[in-house]
Amino acid sequence: MTKVLNITTRSRVEFIDVTDRIEQVVKEAKVKTGVCWIFAPHTTAAVAINEGADPSVRRDIINWLEEAIPRTGNYQHLEGNSPAHIKASLLGSSRAVIIENGDLHLGTWQSIYFCEFDGPRRRKLIVKILEG
Amino acid sequence: MTKVLNITTRSRVEFIDVTDRIEQVVKEAKVKTGVCWIFAPHTTAAVAINEGADPSVRRDIINWLEEAIPRTGNYQHLEGNSPAHIKASLLGSSRAVIIENGDLHLGTWQSIYFCEFDGPRRRKLIVKILEG
Amino acid sequence: MTKVLNITTRSRVEFIDVTDRIEQVVKEAKVKTGVCWIFAPHTTAAVAINEGADPSVRRDIINWLEEAIPRTGNYQHLEGNSPAHIKASLLGSSRAVIIENGDLHLGTWQSIYFCEFDGPRRRKLIVKILEG
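Protein chains in written order, with our numbering: chain A, 1 to 132; chain B, 1 to 132; chain C, 1 to 132.
Calculated from the structure, these hints are not laboratory results. If you're wondering where the values come from, they're calculated on a predicted model, not measured in any experiment. Any given hint could turn out to be false.
The list treats identical chains as one, so a pair stands whether inside a single copy or across any two.
Here are the simulated DMTMM-like pairs of lysine to aspartate or glutamate, each with C-alpha atoms no more than 20 Å apart in a straight line [as the list claims (entries may be wrong)]:
| # | residue 1 | residue 2 |
| --- | --- | --- |
| 1 | 124 | 67 |
| 2 | 124 | 14 |
| 3 | 124 | 100 |
| 4 | 32 | 131 |
| 5 | 30 | 79 |
| 6 | 3 | 103 |
| 7 | 124 | 103 |
| 8 | 30 | 131 |
Just chain A, same shape as in the assembly:
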């Protein structure tokens, strides 16, 4: 089962919690056990899993990335968005989550984030489920 979600980002750098939307896809698929991939088909966006309860955690992650990979520097790529490509490569374009009892088997504090690094833009997020 493959499903494509549309994501509209509103800032240059932004982590959007997509856990509820992924959960809905898993429930509609009626798969009891398996593995679910969340894949960003972009080179300046990524997928991450981290704390969803306190929004200051994602702000601290973003702030660290912004400091470690500064917006201006000795970059060769003429579009000027090399820092976004570097951040996307570090976090990675996809994450896997296990499915148990027809639901995402996440830890208590885990949320799934679509990570925008070169927004605002209209983006896609692909959800793929394998049963087993």
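Model the placement of chains B and C on the given structure of chain A, informed by the hints.
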């Protein structure tokens, strides 16, 4: 097949080699070919694959992370463990390993690590196998 | 289906575009839908997905990694290649790509890279496909 392993960490930051325990799960599952996921259901821990032979390699990885993401800084999250969340996001909460001939298809020098960034704690590690 | 590709790297640090070779494996497997893993069985190499159109993007990613993880430093591992182990751990040893209509379901600008961090060497790259 899904199996939950218990991990007890003994330091704040620590990489624990879990290769033998994952291999045992794969052998008990009697799966000849497939893919195995190792998933940490935590927001301040991760899973990594790297050299297991010389323990100085994992110390060098840990030391780099500790320098790049210092314990004290301009963090907003009040629990004080933002550096652990950032490290966990960078390494990622899961790794996939291919299964061939009923065993993990790792390279000669590869070991699988549970990466603790906010210990000591009692942790879980979820192992999921898809046959195919 | 599991297939092992041989890769010959020519520099110490180098990103080699392997998208065409992975696509050929997927086509030969005649799998219509599923998931494909690209796994590097090495501790000083990794797999990444990022822009393939403009080679300056991969040069900017490599330059950032070389600056963030310098070649010389206070490393304990006596082989002297700890920076390569650290880079490989950050990017990760594998990537998953979704298969749709018998082909890799990548974004318009995405290419798959074998990332060499301690070359030149002869390397392996394992491709595993699960149908579903």
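Each hint tested on the structure:
1. In this homomeric assembly, residue 124 and residue 67 never come within 20 Å of each other (Cα to Cα): the closest approach is 27 Å inside a single copy and 32 Å across copies.
2. For a Cα distance limit of 20 Å, the shortest separation of residue 124 from residue 14 inside one copy, 15 Å, qualifies, whereas the shortest one across copies, 29 Å, does not.
3. For the identical chains of this complex, residue 124 and residue 100 are inter-copy neighbours only, at 15 Å across copies versus 26 Å inside a copy, given an alpha-carbon limit of 20 Å.
4. In the homo-oligomer, the alpha carbons of residue 32 and residue 131 lie at most 20 Å apart both inside one protomer (8 Å) and across protomers (16 Å), since each shortest distance falls under that limit.
5. In this assembly of identical chains, residue 30 and residue 79 lie within 20 Å of each other by CA distance neither inside one copy nor across copies; the values are 43 Å within and 38 Å between.
6. For the homomeric pair residue 3 and residue 103, the shortest alpha-carbon distances inside one copy (16 Å) and between copies (16 Å) are both at most 20 Å.
7. With identical chains, the CA atoms of residue 124 and residue 103 are at most 20 Å apart between copies only, with a shortest distance of 18 Å across copies and 22 Å within one.
8. Taking the closest pair of Cα atoms, residue 30 and residue 131 come within 20 Å of each other both inside a single copy (10 Å) and across two copies (18 Å).
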